[in-house]
Amino acid sequence: METGEKVNRGLKALEERVLKQDLCAGCGACLSLCPYLRSWKGRVVKLDDCNLEEGRCFGYCPRTDVDLNKVYEGIFGKGYEEIEVGPVRKIMMARAKEPLWTKKAQTGGVVSALIDFALQEGVIQAGILTPRDQDLLPQGRIVTSRKKILGSAGSTYVSGPTLEALNKGPWKGRERIGIVGLPCQVLALARMKTSGLEKRTPIDRVDLVIGLFCTWALDYKPFMAFLHERLDGRPVKKLHITPPPERILEVTSRGELHRIPVDDIRPFIRSSCRVCLDMTAELSDISVGTVEGREGWNTVIARTAMGQDLLRRAKDRGVIETRPLPKNNLNHLMEASLLKKRRALNALKEKGGIEKAYFTLPANLIKRILSEPREAMP
Amino acid sequence: MFISKDPFNVIIGGVGGQGNVLASQILGEMLVTQGYVVTIGETYGASQRGGAVMSHLRISARDPFSPLIPEGQCDLLIALEPVEGLRILDPYGNPRVMILLNTRPIYPIDVISGDSVYQEVSKVIGKIKELSRRVWTLNATEIALEMGDPIFSNMVMLGALCAIEVLPVSRKGFESVIRDLLPSRTQEENMKAFDRGREVVQELTPQTFLPP
Amino acid sequence: MSSISQNAPGKTVLLMGNEAIARGALEAGVKVCAAYPGNPSSEIIGTLAKVADESGLHVEWSVNEKVALEVAAAASFAGLRGLCAMKQNGLNVASDFLLNLNLTGCGGGLVVVVADDPGGVSSSNEEDSRIFSKLGDLPLLEPADFQEAKEMTKSAFDLSEQLGLPVLIRSVTRVSHARGNVRLDELPQSGPKPGFESSRRFLAFPAAPNHRLLHERFDRAKPIFEESPFNFYRGPEKPELMVVTSGSGWMYSWEAVMNLRVQDRVGILKLGTTWPLPERFVLKHLKQADRILFIEEVDPFLENNIKESYAQNCLDLGLKAFFGKVSGDVPNVGELSPEIATRAIRTLLNVPYESRPADYALRAHEAASELVPARALGFCPGCPHRATYWAVKAALALDGREGFVLGDIGCYALGMGPSGFGQMKTMHAMGSGTGLACGFGQLGRFGLGQPVVAVCGDSTFYHAAMPALANARYNGANFLLLLLDNSSTAMTGFQPHPGTGLTATGGDAPVIDLKAICEVLGAHVEVVDPFDVAATIETLLRLLQDEEGVRVLILKRECALVSAKHQKRLYRVEVDQERCLGETCGCNRLCTRIFKCPGLMWDKGTGKARIDEAICTGCGVCAEICPGSAIRKEKT
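Protein chains in written order, with numbering that gives the first Met the number 0: chain E, 0 to 377; chain X, 0 to 211; chain V, 0 to 635.
I should point out that these hints are in silico values taken from the structure, not numbers from a laboratory.
One or more of the hints may lead you astray.
What the hints assert, rightly or not - Incomplete in silico selection of chain V near chain E, CB under 10 Å:
no. : residue
1   : ALA393
2   : VAL526
3   : ASP528
4   : LEU540
We put the CB at the ideal spot given by N, CA and C, even for glycine.
Isolated chain E (complex conformation) (with noise of 0.2 Å):
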């Protein structure tokens, strides 16, 4: 790039360098800021041309020219330093204590129960939580009862537009809310936080951040394409995959159970997941994944002070009981997320090579995802 040429930092250059890439996250970061980006069936359509240099589409999209050390700056006061599975305080085994919460959930169903708590307490007043639509259909939905939180429950393998809820509203204008999210939503949010362009969405009172471990997700409408395929049509209820070694879709319809590979669906995972150097949702105030080898339990990972307070407080008022994480799930989960990253960092390689990507990272910190190995955690 030529110094002094006017770089575009608005739709023109989303389009250019992601949407026509398919390297969209389908996050929602950039729909109903404008009516020229909308999403249908969970993809990201451009309606018609816009011709500002900048816009927050633009500035708001992780796949777009993310300076990741100024972005965990901007949340954590530091930069991009702990590689292996981000900036952590506390990392822990939890499970929901009340059964409402665990007998919906594949896991622990801490998510359903820190949203629930939180907004009992009166530390946020609404959620935005991604339940699934008719046909499996993963929206944002702003949720303020426990009635909606069970309803966006469990697992899914599908990513939607979460954070276009955040956009739309509506809102009252004082809600403090919180959000869970994949990491690239996540990564939104941060982005979203700390862009500098002018904020005409509630940004500023995101005040819980929980975000998913994540190492894929599909893409929702030729999945289903597939699914209906293979199904004949018929309605997809429930989808659950098995852990490994088994690693198989179980899909759930008209009460029978339908089971397959998961190397057969493999071809519907995103292709933005690719360049995905995240999976632990590292901007998160709190982290939540599985354990592997342990059903009903949910690995948990407190990055800021907020994240912190709120899992102690549910804790001591029994809403939670932690345990600590095993050295070997840690060493697995350093393993898996630092895998992740080096995947991502040479298919960017494809893309035009990492100064040209959609992520600056210093070069040190690039060389030492791709040879050292993980250590152990102090």
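Using the hints, position chains X and V against chain E.
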């Protein structure tokens, strides 16, 4: 009063929907009743949908002429819109041409969308003045809006035409033609519009108009 | 009180060419008049419809031109005089009947007026209809001015009865839509009673003997045309250059000769009876000049026919040089103009000519280039088609499979341009969009994964798309048909049609319900109001997913110009200057930059959008789409 040359060529030009065709018909009828041979050529149809429209009137004491005025031969241009006036002068204007101009712009779609520019109206009028012998102006659309409907602007222009005494047309002639041509309930308002046009039209002289 | 039917022989009035034709038909005692609207012919039957009751005629808008011609022919078979009018495309539609009618002959005078649109100013194509007279061995007349338009039409009925054949009159825009002085003549008092004589049969079969009979009838026109007052010569006995012309070419040629001051060097042979050629008359004059220039609209019809005649008789006539569309002296596409005639004549005679000082021409051109923006055609403010195409654009983009729109003729054809967001991708004849969709809708089996969408208007549906829809059902084509029902045949002048409940003469008519027809044909049918943008997009998206055969979505909302005539505006619309986001991120001028309704204005000074009260019709659609909710609509 007679026509100052034979044939006398008049163009009424504007934007589709301004009542161009009706104005030319009324003017034509006014002249036929006085014994002139009139030929009027129109371009309408698809051009009604916001496009540029023109009526060519050939006025003669003797012969019918072609419905299209030859290039460079317009004697009087009645422009219902400023840039339409300039657009018509390009092929049909000449140093002797006289112009009656409605000064209120109608923006083309390309201008509204930002793909194209509509320059300052005073600049357009200045150029029109440079390219003609005499110019008279009024904001016929504003008068029509004051009366409640922009559709009256063409009647306002016809009133102005009567006042400038370039063609042998009179208030009485206008009144009788529209009585035959238009529904009687519109008679009073059309006469009102006509009279307002007669009152307000003004010639652009070096004293009254400084080009930008 | 209309000029057309006034009983005032000898009075001179200002009439449009089409009105003059209508008057000519009245003076000839026409009884049955039928047409389908088509620019530049619509006013012929339109004018007659206004006086039908007082003049005792049957006048109708038929569903298409073939039926219209059949209606008029029936009158002729029954001994009454019939008139049918159409534009060039209409003659194509009616041609199958016409080219059988020539073989059966007719009874009472039957006149078929075709008004061509040279240059295709208001048409899909450009076409020279005169070829049908040669193709069908039918007499052809071309009026050159308005008096002739009346006289030719009147005499055509007599000629038709003399020959027992329909007579074609070919007009063009510059005659049909121009106005000029016309002297009126008497109107007839009474006419014959109709009756179908069963001994007189109208059978085209068997063709060969009827073809011979046709030639005999046709040949009887020749001596009549040799003496016709519609053909004449003006100029010196032995001109340096002879201009041969017909129709509008006559007025351009005559004025060019005058402006160039070459009346002593150029002669003009003006023909009004163009086919069969008045051969003796033509060749007699041709003999007097060595250089012949043909000036006529669209195709070298006269040019080539006269050359054929010349070739047959050349030994007598000597060598000649012919100039015209074949030589390139006159353009062979587009409309004629005074400049074309002037340029052709002065080039051949080497006469210098300047219509105005060259420096003025330069200055005027520079001023226009600098200051005059293009004025593109677009939908009227408040047009439901703008809202429809807006929804179609969004739905096809969201659907994401590169769906495309097949269209046809009417106001909604402007969907091919920026006003309709460039959505319409094909345009041919009436109903062609639906027909093409029947084809595209079969390509799924070969791997076409793109959704197929056709658009069609309400009037167009009755004209031509109904059979295509039946075909779609019968042959199992898979597409979405958008039926744009604005309750009018709008583009041609808001004529009524079978769905509007009104006849051409303003009487009541049963409504032939579009939805019911589509349902009976077995299509899945839904109805939506295009002004409800969100509902329209949602419905479109849903119907696009359904791949089972043909689905019809009727977009029902009255044409804005028709509404304005009988009801006050829906809403008073205003842009809240505080809330308008203007050029900032979040809007970037959606309403004026993308939606582009002429009722909206962008105020550079304030950086906000505004409503142009002189233009806005109060449909309220912009209020639906404003991203800042800054546009308010109040019910009036």
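We went through each hint and held it up to the structure:
1. ALA393: This interface hint holds because 6 Å falls under the 10 Å limit.
2. VAL526: With a minimum Cβ separation of about 23 Å from chain E (threshold 10 Å), the hint on VAL526/V is violated.
3. ASP528: 21 Å, violated
4. LEU540: 7 Å, holds
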